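These protein sequence lines map, in sequence, to chains F and A. Using our numbering, the final residue of the first sequence is 136, and nothing's skipped along the way. Using our numbering, the final residue of the second sequence is 123, and nothing's skipped along the way.
If you are wondering where the hints come from, they were derived from the structure by calculation, not from laboratory data. These figures come from a predicted structure and were not determined experimentally. Treat the hints with care, as some may be off.
Sample of chain F residues with no beta-carbon within 12 Å of chain A, all distances over it, derived [to be verified]: (1) GLN40; (2) ILE69; (3) ASP108.
Rough simulated footprint, nothing fancy, chain F against chain A, three-plus residues with beta-carbon under 8 Å [as the list claims (entries may be wrong)]: (4) 51–63; (5) 112–122.
For every residue, glycine included, the Cβ atom is placed at its ideal position computed from N, Cα and C.
Residues per chain, in single letters:
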Amino acid sequence: ETGVTQSPTHLIKTRGQQVTLRCSSQSGHNTVSWYQQALGQGPQFIFQYYREEENGRGNFPPRFSGLQFPNYSSELNVNALELDDSALYLCASSLTGGHYGYTFGSGTRLTVV
Amino acid sequence: AQKVTQAQTEISVVEKEDVTLDCVYETRDTTYYLFWYKQPPSGELVFLIRRNSFDEQNEISGRYSWNFQKSTSSFNFTITASQVVDSAVYFCAQISNFGNEKLTFGTGTRLTIIP
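Work the whole structure out from these sequences, hints included.
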């Protein structure tokens, strides 16, 4: 059973650019959630996808968008990058909702300069 | 709205000492779930335990134990006979039974075990 895989592991972008982060969910999991973790903080919920549809969104602007594919993998896209977008982006998968617990990937460390 | 408070920002103890990490939660829901996650330097969040609001039994797993008390809205985590490998950031989190079941995290406690 493979876990959650995220790519790339590290990324440096310039302010104003766009970035795409990728996530492969754990085998058998149909729900993917994305979290942003700023340095020294707890992860903050960005949004969740269930069966290719957005199923809830946190307090993030529309320039944060996502996709889920038929194989349940997912992408997080961020447009018009700002310096404050620098953070660890964590992907988590679960089976139909998260109250049984989420499996997290190791994250993508995004640095915006 | 849900909120999780981890008042201890950093804790350092000498190896083999016991240590307790505090977690206080707030929610208006009667059904909710509480979690502890461990975040080593590699970054991924490692699931430790899940508790639902109807089960107040304490749990022990090896050197780890958890004390859930609804009366004080607390879900504390104790490591007995700590080891260097326990050094990490520990997060308490909760989910309500409604909506998208997003995790609401505390700010974490950085635990350092001194050899």
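**Request:** Quick one: which hint numbers does this structure break? Sort them smallest to largest.
**Result:** 2
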